[in-house]
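Chains as they are written, first to last, in numbering that gives the first Met the number 0: chain H, 0 to 98; chain C, 0 to 322; chain S, 0 to 220; chain A, 0 to 540.
Calculated directly from the structure, the hints in this document are not laboratory data. Built from N, CA and C at the ideal position, the CB exists for glycine as well. Honestly, I wouldn't trust all of these hints.
As the list claims (entries may be wrong) - Here are some, though not all, of the chain H residues that point toward chain A, as calculated from beta-carbon distances under 8 Å: (1) Asp34; (2) Cys49; (3) Met51; (4) Lys66; (5) Leu67; (6) Leu70; (7) Ala80; (8) Ser84; (9) Leu85; (10) Thr86.
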Amino acid sequence: MTTETEHVDSVKTYAVVWIALLILTALTTGVAYIDLGPFSVVVALTIAVCKMLLVALFFMHVRHSTKLTKLVVLGGLLWLAILLSLTMADFATRSWIGA
Amino acid sequence: MSFRLFPVEASSISAEVDQLLFFLLAVAAFFTVVIFAAILFFAIRYRRRSDNELPRPIHGSIPLEIVWSVIPFGLSMVMFTWGASVFFRERRPPDNALPIYVVAKQWMWKLQHPEGQREINELHIPVGRPVKLTMTSEDVIHSFFVPAFRTKQDVVPGRYTTTWFTAIKPGKYHLFCAEYCGNNHSGMGGWIYVMEPQDYEAWLSGGTPGATLAENGQKLFENLACANCHKSDGTGRCPDLTGLFGKDVKLADGSTVKADEGYIRESILRPEAKIVAGYQPSMPTFQGLVTEEGVLQLIEYVKSLGPNPGAGQAEGLAAPGSR
Amino acid sequence: MVSEPHVESLALREQFNSAEQQKDASSLGMWVFLITEVMFFGGAFAAYTVYRSIYPGVFGAASRTLNTTIGALNTAVLLCSSFTMVLAVRAGQLGRRKQIMAFLVLTLILGMVFLGVKGYEWNEKYVEHHIPGPSFQMEGPGLQDHAQLFFSLYFAMTGLHAMHMLVGAGLLSWLLYQTWRGKFSAAYYTPIDMVGLYWHFVDIIWIFLFPLLYLIDRHGH
Amino acid sequence: MTTAVAEERETYLNAGHGVKSWLLTKDHKRIGLLYLFTITFFFFIGGVFATLIRLELLSPHGNLVSSETYNKLFTMHGVVMVFFFLIPSIPATLGNFFLPLMIGARDLAFPRINLLSWYLLVIGGLFAIFAMVAGGVDTGWTFYTPYSTSYSNTWVIATALGIFVAGFSSILTGLNFIVTVHRMRCPGMTWFRMPLFVWAHYATALIQVLGTPVLAVTLVLVLCERMFHIGIFDPALGGDPVLFQHLFWFYSHPAVYIMILPAMGVISELVSTFSRKAIFGYGFVAFSSVAIAVLGFLVWGHHLFVSGQSLFAGMVFSFLSYFVAIPSAIKVFNWTATLYKGSISYATPMLYAFGFIGLFTIGGLTGLFVACLGIDVHVTDTYFVVAHFHYIMVGGAIMGYLGGLHYWWPKITGRMYPEGWAKLSALVIFLGFNLTFFPQFILGYLGMPRRYHVYPDEFQVLHVLSTAGASVLAVGYLMPLIYFMWSLKYGAIAGRNPWKATGLEWQTESPPPVHNFDEIPIVTREAYDYSGTVGQEVQVG
């Protein structure tokens, strides 16, 4: 009854995503051996975010899901950002002024 | 038994904090009275007279919502700004402040004057002179709290925190530990004695003469053989410490750091953390070899070394090896 | 308790009006649960971020003791398991029971391989005296003390991740049993879908743990 | 309807008998009652600790119990009251019972998970009780490191495990509420027709789901640190104890809103029902709940102004803290405005609502003091803070809880409580509360630090006043316990809708049938539309 609304992706789509994930893993590992200075973190995390997006959008079907699901995902990431950024608002600024 | 409703104002900041309090009290009292009066008036005026009463619905009013959002917001921003400016003054000691070193442990306060006097759970200070406390803890978190001065600062193991005050009124004031620290937390208190300057001088010279903090630091410096590397002519494996205190130091990673108490403490206990430009990380850690009080004596010794009138330039002193 | 045969295939519970409502509720519930997991790991990530910012050099040196090749291969193993998991869900969508079972078994095996490799790495750390505590040893300036922070976080984070993998493996086994009993069909495969979401989520956590623990400052200065 | 018919009717209470029918129930109403018994038990345990604390503080010299015992008393008072009473209080009892009823659902979305979360609370509670019986715990409910990890010799691990487990109870309750509100509303029950009680619980659930996991992982780290000394918060190994405070308050500040938001939801229902008017500014009150939940996550650092946190972070957190004041103020003003030209009844629940608004106003306004950097340096960790948060948690949350319990008692049990006794106890509680906690504001500004077993003589007068108030308060809290039990047998039979209120819960029987509604209702009107429940519209006043 509800199966009509269900979106069945092709095996090929999944396989392409899977290959992309493996390539990105190889890439991030390789890049780690190049001295990029402070950009080392940026590159590693950018690739990780790309992999996360691939898994979430395709394997977890976020691209077919409701607005509400997307909102839940974004909300979760936003809250993680709040936790990290406001904590770092202390630790990153301890040497700024005064005590 | 004495009984009061308001604490004495014994520091230069006390009156400022109290004025801020009065402003907030006035705002709070105003809103409390308005709300209570409105509830009381409505509750009586519109009390239910028959069980089948049906008042006409009122769904709301956007202008009213805006008014009672914007006015409190404006008031709260005044509170924030005023409070932040008081806080800023509370946190930033003036340069000429008298340094006092505080080491807290379960359950006592150990205080050292630069002149060498040591006190436990008591602190004698002169009236009218800013006093800066550099504090650390040997075990858990404590908090240095003098209600009459309206000041409080947690004392955290593993690092320095600072606070300062200028006492304005001679007398004897409570010192409390305000951060829960175990069994005898409530017994970890003492007294601050604020004295007229001449009484303070008398007190200073009256105690056991002993060595000054810097002299003790120098002894420790020699006992630990620090001078083997930190040579005062700049030829050692480690930077010369003359005139170092308070200057900017260039580090190997390109950044600069101000040579304050925290930096010197870190350099003694975690020498690898910040390497001076032009030097190798060859210094061993003195963690476990020097007590917190010993570290403070070393800091006072380093302070006593500088500024070298001949050398002047800080960079040249801090990192001669990089030249 | 009392099973009603005619709704058994759809397993519609009494508080719902329709199978669709039930599926939507399960899906939303799972996503909300995953958000709680994000915040759970988020606390550990926050601790990691703070200490990495305080001790960048020490963290770099400590992370260089980890074996990148093994880490990368293990990441690949986990990604493969996500691939087989999504195929199991797809087989569920199409109601192909044998395929479901095959892919679930594959996923389970890959998950176990991951955990086995992880165990090997942990053992390596043990041999090298990199387990935080009294026996911890690491040569180098500041490493004896502060590298313990890195390894504490390493074990805490990979340990929590492995614990989630174990729970996932338990769920997969349960799914296998249920599939074998013929509980699922194209009309009702919600549990496979939900466990799939969970499995991919655990994968995503590792996608971040891998670079954070193994790769950053690999090159060093 | 005759009583004979009422006796034959099947309700959720008589649908099954025996212990098993309760312990294995999946009915949200029965689970709500299980919670009610559990948290009442914990409330009185925590109350006993509070009583002992207040008795000890009668004298400044600490001669009733030892310091060790005193420290355990305030710790266990905090742990029990916060984690085992206040956090579950309104959501898990009244929320569990009424949220599905109010949105026209047969049950929560996940009844088995709902039962599981009760068991988790009980298991967590057993851990905590074990810790108390075995010797107690003395870290303060805040578990500050390194005291909790390296210095305390008490039952930290058992207590922390108990809180960890109870945390999952709270998470699962929140999860259930979010899904239920999204997916289980009956036809016509749009978001903006939902009662404000439901809005408040939705906002609460957001906090439970987003905040509690961080507490859980923090406790895991504390446990690892305590068992293996791995250095995460240990300054000896380079760890930073202030990081613990950040992680702890990331949850524990929003946790205050887990306690107060549901109470605000209750108050919205009470104010509307007992003035028979739609809530003034419904949309603003609804959104202010969500705003409080969201903004509540941005302000935790105001607990750390003197902790050694950076000056900059202190300013940011102080600034953000003032934003929470606005939605709170909006609620108070709108409740007050709702009374205007209403038909105001003085029934007991309304007395609690008046009490709540008054005490919450004081508690909220003193929140401005502690958010203010310059003042907080002086008053933090003193009795001023103790007074402030008791005004919120006791004056606010418990007043709301008791108000709600009286309001829905006829629906839960089918019986009325004795109105005279209830009014008296509401009055006693209000007076006792203020006498207990108002002096503590003064004590705090004078400089009396919190968690002090022994204190200077000059604080004694105010402490004696406070203890006197506490004994009045204790009497006030015992009264409902007695007359509620009395009413189960002797209370007047309540009809479906004794208050002539509007919510869907009042359209079904009292007590409700197992599946809540004989027929799923269809909603066609706004919340708080009284034209269908009461007689003719009249101009009041």
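Each hint tested on the structure:
1. Asp34: 26 Å, violated
2. Cys49: With Cβ-Cβ at 25 Å, over 8 Å, it is violated.
3. Met51: 19 Å, violated
4. Lys66: 12 Å, violated
5. Leu67: 7 Å, holds
6. Leu70: 11 Å, violated
7. Ala80: 11 Å, violated
8. Ser84: 10 Å, violated
9. Leu85: 7 Å, holds
10. Thr86: 5 Å, holds
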